[in-house]
Amino acid sequence: MLHLVLFYIFAFLCVAGAVNLLAQRHPINSALSLIVVMGSLAVLYLLLGAEFVAAIQVIVYAGAVMVLFVFVIMLLNAGEEEHSNASRVAVYVGVPALIALAALVVYGLLHNTPTAGVQLAIGEFMGGVKPIANLLFRDFLLPFEVTSVLILIAIMGAVVLAQRGED
Amino acid sequence: MVPLSYYLVLSAVLFCLGVAGFLIKRNVITIFMSIELMLNAVNLTFVAFSAQLHKLSAQVFVFFVMVVAAAEAAVGLAIIIAIFRSRQTLNVDKVDLLKL
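Taken in order, these protein sequences are the chains called A and B. So the first sequence is numbered by our numbering: it starts at 1 and just counts up by one. So the second sequence is numbered by our numbering: it starts at 1 and just counts up by one.
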């Protein structure tokens, strides 16, 4: 019961944050509502027993990535976004199509997935650091090393792209 | 107990809101944030299935998705800074050099 109540509270916060991201005109407000979405998602991960994922969701996403976003918004002094004709077409055609798609997906999910719930008590964790580390450094060792190379290349690419040209 | 489908529905709704933001928004930074929202929605699906099927490998996949998202954010924001430096605008409608 408490499980369901907590789910509803944080699912509502998630959706409200996402809607607010769309409704706000100023990018800094959108960034702050995205932080709300990520924080509530971390709580939902805890409800699902994914302790490690919830921790890195807060540290990496709500912490590092969003700080990067807010930093760039402040650095470029981004103001309110302007309207244009192209965006009006997107609103009148894209949004009804998306609502239809969402309704279809929700109908399909509610009628075709098993109703058995996630069998976890509150405070019970299955995704602790140790079992995940066992998987990550044994079964998924090669993908792990490949992602480390990927992120190294990404760092160098970011530095090269953001630096001032020679002229 | 919360049924698995509730988590999947929440994830689908968040993903559709991300797509809507990608279509509606004209500010390139906000478009980028919508992409992050979609990635988060997919992560929620992974974790929900992981809890339902008692398989931890899904959570390792979430870890990889987060690493790729962080790399993408770093490179993408660097590109945004480069665009702003050459064009003094963040509006995607004004960055249309490849348009006929």
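Note that these hints are calculated values from the structure, not bench results. Keep in mind that a hint or two might mislead.
Unchecked claim - According to the in silico footprint, chain B covers these stretches of chain A (three or more CB under 8 Å from chain B):
hint, segment
1, 30 to 42
2, 47 to 54
3, 137 to 144
Stated by the list, open to error - Estimated spans, in silico, between C-beta atoms of each pair:
hint, chain 1, residue 1, chain 2, residue 2, range
4, B, R85, A, P96, 23 to 29 Å
5, B, D96, A, I153, 27 to 33 Å
6, B, L97, A, E145, 21 to 27 Å
7, A, E145, B, S86, 20 to 26 Å
8, A, H111, B, V42, 18 to 24 Å
9, A, N20, B, D96, 27 to 33 Å
10, B, I79, A, V129, 51 to 57 Å
11, A, I122, B, R85, 45 to 51 Å
For each residue, glycine too, the CB sits at the ideal point set by N, CA and C.
Hint by hint, here is what the structure shows:
For the segment 30 to 42 of chain A, the proposed coverage by chain B is satisfied: 6 residues have a C-beta within less than 8 Å of a C-beta in that chain, meeting the threshold of three. Remark: the segment 47 to 54 of chain A is confirmed as covered by chain B, as 6 of its residues place a Cβ nearer than 8 Å to a Cβ of that chain, reaching the required three. Three residues within the 8 Å Cβ limit are the bar, and the segment 137 to 144 of chain A against chain B gives 3, so the coverage statement holds. A hinted range of 23 to 29 Å for the beta carbons of B:R85 and A:P96 is inconsistent with their spacing of about 38 Å.
For B:D96 and A:I153, the hinted distance range of 27 to 33 Å is satisfied, since their beta carbons lie about 29 Å from each other. Roughly 38 Å separates the CB atoms of B:L97 and A:E145, a value that falls outside the hinted 21 to 27 Å. The hinted window of 20 to 26 Å between A:E145 and B:S86 is violated, with their beta carbons roughly 36 Å apart. The hint said 18 to 24 Å for the Cβ distance between A:H111 and B:V42, and at roughly 22 Å that hint holds.
The hinted window of 27 to 33 Å between A:N20 and B:D96 holds, with their beta carbons roughly 29 Å apart. Our hint of 51 to 57 Å for B:I79 and A:V129 is violated, since their Cβ atoms are close to 34 Å apart. The hint said 45 to 51 Å for the Cβ distance between A:I122 and B:R85, and at roughly 50 Å that hint holds.
Hints 4, 6, 7 and 10 from the earlier list are contradicted by this structure; the remaining hints agree with it.
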